[in-house]
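*Asks:* The lines below spell out each chain.
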Amino acid sequence: MSAVRVRVNGEDLDLPEGASVASVLERLEIQTPRVAVERNREIVPKASYASTALAAGDVLEVVEFVGGG
Amino acid sequence: MSGPLQTQDRHSRSRLFPGIGPEGQEKIRRSSIAIVGVGAVGAAAAEMAVRAGVGRLTLIDRDVVELSNLSRQFLFDERDAEEVAPKAEAAARRLKAIDGGADVRGVVADLDHTNALSLLRDHDVIFDASDNFETRLLASDAARSLGVLSVYAACVGDEGLVAVTRPESPCLRCYLEVLPPAGSGPTCDTAGVVPTLPPTIAGIAMTEGLKAVSGARVSGGVLSLHAWDGAWRSRRLFESASPSPRCPVCADGRYPALEGEGASEVVKLCGRSAVQVAPAARERPDLAALERRLLRVGPVRRSEHLLSAEVENVSLTVFADGRCVVRGTGDPLRARTLYERYIGR
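Residue numbers (our numbering), protein chains in the order written: chain R, 326 to 394; chain L, -2 to 342.
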């Protein structure tokens, strides 16, 4: 099974073929709903995390929002 | 102010900085900033704004000064804590002593959908230093509705976020989509906070505020930083992101929070010293995770359907549908404050 190499927050990440945005969050151990993900400069809707398949070379930005002040 | 002080030039060092100059300083003097939340981030931001010469500030906070604030909150002192002074008023007093010429108004109130537009209008920047996502979404929707630039400044534990929202940027709702369920994350009162972090965040965020009002180019995207474990590090994310085509605010010009969507209901319960806080999103909170966080600060009992915790001389009972009954106070503002601190959203 070939790996898919994507870039997440500036670092390379190798994932199994067919991996989705949800797979990235699992790998980063992020479970919170207070997260935002950008894939190739577009915000990914939360409803699409599991169904958005990643392609080699995808550039992702992931941030967990904190709200305290 | 009179005598020798009057002849000195308070802002000469700002004017000397080429990026500001006399023109920029004059714009700062004529500017106005609304600061939502005068806690650790907001108080430091307010002090910096007044010292830097921002002409008019409106400070909004429902809370009172407590001893445990003094570890990290600027402006307040032991006397304010002894007097249980409202933060917005204590802050305004102290800021007027720093610069008697500053127009500083302290509003002791909870920002809600009935007062948000009237409190936030007529300012050049809305500075969000609040402590919960319900207020943050409200401030974000209000800023968009008013067509005003907003600055998001937040932190908990050892991580912080700063973001400037311009008309062409995504708004908070583009990122979050919905109000997070109650009890879904750490608050400074359950997870703690590095005491130097809130003023750091305030400094970074108010620098953007000064840039915005003086005509300098503000930073794009979201700045995420970590201040304790390992090397201090920061990363700027989402610099090229566009507003979401699914966002009701950016795509449809609708402002859900201003219509009361997401508003929690705070109701004094008849005949008892108890107040119920019912978050709008009646989702089942993760009671096990909430128990773990609350055990750090007091005794907790949990069953399948509810959780009961003792904190600060009150008890908080959280039900499976997210409702929380706060016993030991009849004051809705106090109940909401305690809810935000220990349950939070």
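These aren't lab readings, by the way, just hints derived from the structure by calculation. A virtual CB, placed ideally from N, CA and C, is assigned to each residue, including glycine. One or more hints might be untrue.
Said to hold, decoys possible - If we take Cβ atoms under 7 Å as the criterion, some of the chain R residues that face chain L in the derived model are: (1) E354; (2) P358; (3) D383; (4) G392.
*Asks:* If a hint holds in the structure, say so; if it does not, say that too.
*Replies:* Comparing the hints with the structure gives:
| no. | hint | in the structure |
| --- | --- | --- |
| 1 | E354 | 14 Å, violated |
| 2 | P358 | 5 Å, holds |
| 3 | D383 | 14 Å, violated |
| 4 | G392 | 5 Å, holds |
Checked against the numbered hints given earlier, this structure breaks hints 1, 3; the rest are met.
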